[in-house]
Amino acid sequence: AQSVAQPEDQVNVAEGNPLTVKCTYSVSGNPYLFWYVQYPNRGLQFLLKYITGDNLVKGSYGFEAEFNKSQTSFHLKKPSALVSDSALYFCAVRDPGALTTDSWGKLQFGAGTQVVVTP
Amino acid sequence: NAGVTQTPKFQVLKTGQSMTLQCAQDMNHEYMSWYRQDPGMGLRLIHYSVGAGITDQGEVPNGYNVSRSTTEDFPLRLLSAAPSQTSVYFCASSYSTGTSGEQFFGPGTRLTVL
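Chain order of the listed sequences is A and B. Mapping to the numbering used here: the first sequence position 75 is 109, numbers consecutive. Mapping to the numbering used here: the second sequence position 86 is 90, numbers consecutive.
Accuracy of the hints is not assured; some may be wrong.
What the hints assert, rightly or not - 16 Å max Cα-Cα, derived EDC-like pairs, lysine to aspartate or glutamate:
id, chain 1, residue 1, chain 2, residue 2
1, A, 111, A, 98
2, A, 140, B, 34
3, A, 140, A, 119
4, A, 83, B, 106
5, A, 140, B, 76
6, A, 83, A, 98
Claimed, not checked - DEER-style ranges, computed between Cβ atoms:
id, chain 1, residue 1, chain 2, residue 2, range
7, B, 67, A, 76, 36 to 46 Å
8, B, 90, A, 116, 46 to 56 Å
9, B, 67, A, 117, 36 to 46 Å
10, A, 73, B, 32, 41 to 51 Å
11, A, 75, B, 21, 37 to 47 Å
12, A, 116, B, 71, 40 to 50 Å
13, A, 42, B, 42, 35 to 45 Å
Bear in mind the hints are in silico, worked out from the structure with no lab data behind them. Computed from a predicted model, the values in this text were never measured in an experiment. Heads up, the beta-carbon is just placed ideally off N, CA and C, and yes, glycines get one too.
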């Protein structure tokens with residue numbers, strides 16, 4: 035069974051400093067990995083995904099994530115955080131080994147990490 | 005495109021009442037799903053559908069029913085509301101094959117059951 039863990043409930047960072055949000059996963063094969071962001075009272079917005087290829091994936095709003103197969107991690111990063119990056123971030127995984135039609139859309143989400151960027 | 009729309013945005017129910025949460029998408033996505041979001045638990049899958057006429061249970065289906073009569077619509081029915089169903093509900097959609105399956109989410113419905 036697939037699973038994903040976000041070990042930090044909250045990450046605090048000063049504006050202009052680097053931001054890292056951690057995610058580790060467990061799947062039976064090579065994973066499809068996603069990051070979503072949720073602003074207050076809004077739905078989830080897609081940030082980026084890793085399917086295959088380059089381990090460093092670039093996404094929206096200046097975010098990037100690094101896939102590390104040996105450490106089963108997919109940490110989200112931003113070189114210089116903005117106050118407007120304050121939000122709830124979710125990591126999600128799909129096990130491509132379970133690509134039957136009925137399992138296609140089944141994403142397993144982490145519990146979420148609240149990011150607080152202070153001016 | 006409106007994307008994924010959900011109504012209502014807010015709802016308060018009394019224990020035992022029933023209601024339907026509406027979800028619609030205009031992207032011709034085959035796959036649609038319902039999640040509930042509770043603090044510290046991320047999103048949990050309630051029910052999903054891979055196309056019109058086909059639905060299946062997710063991780064937490066008890067107390068909820070769904071149907072999919074058209075590609076566009078995927079309503080979620082609460083049969084007899086309980087306080088444990090107080091949550092924020094999100095509908096999502098995606099293509100079902102040929103892509104990585106990136107999901108598009110609606111704005112959510114905040115439900116309180118008294």
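For each hint, the structure was consulted:
At most 16 Å may separate the alpha-carbon atoms for a hinted pair to count; residue 111 (chain A) and residue 98 (chain A) meet this at roughly 5 Å. Between the alpha carbons of residue 140 (chain A) and residue 34 (chain B) the distance comes to roughly 13 Å, so the proposed pair stays at or under 16 Å and holds. A threshold of 16 Å between alpha carbons decides the hint, and for residue 140 (chain A) with residue 119 (chain A) the separation of about 27 Å lies outside it, so the pair is violated. Between residue 83 (chain A) and residue 106 (chain B), the direct Cα distance comes to roughly 8 Å. Compliance with the 16 Å bound is thereby established for this hinted pair.
Distance hint between residue 140 (chain A) and residue 76 (chain B) is unfulfilled; the C-alpha atoms sit about 19 Å from each other, more than 16 Å. Between residue 83 (chain A) and residue 98 (chain A) the CA atoms are separated by roughly 9 Å; this keeps the pair inside 16 Å, and the hint holds. Taken as a hint, the range 36 to 46 Å is violated for the pair residue 67 (chain B) and residue 76 (chain A), whose Cβ atoms sit roughly 26 Å apart. Residue 90 (chain B) and residue 116 (chain A) have their C-beta atoms about 33 Å apart, which leaves the hinted 46 to 56 Å range violated.
About 40 Å separates the C-beta atoms of residue 67 (chain B) and residue 117 (chain A), a value consistent with the hinted range of 36 to 46 Å. Taken as a hint, the range 41 to 51 Å is violated for the pair residue 73 (chain A) and residue 32 (chain B), whose Cβ atoms sit roughly 27 Å apart. A beta carbon spacing of about 24 Å between residue 75 (chain A) and residue 21 (chain B) contradicts the range 37 to 47 Å that was offered as a hint. The given range of 40 to 50 Å is respected by residue 116 (chain A) and residue 71 (chain B), whose C-beta atoms sit roughly 43 Å from each other.
Distance hint check for residue 42 (chain A) and residue 42 (chain B): the Cβ-Cβ separation is about 18 Å, which falls outside the suggested range of 35 to 45 Å.
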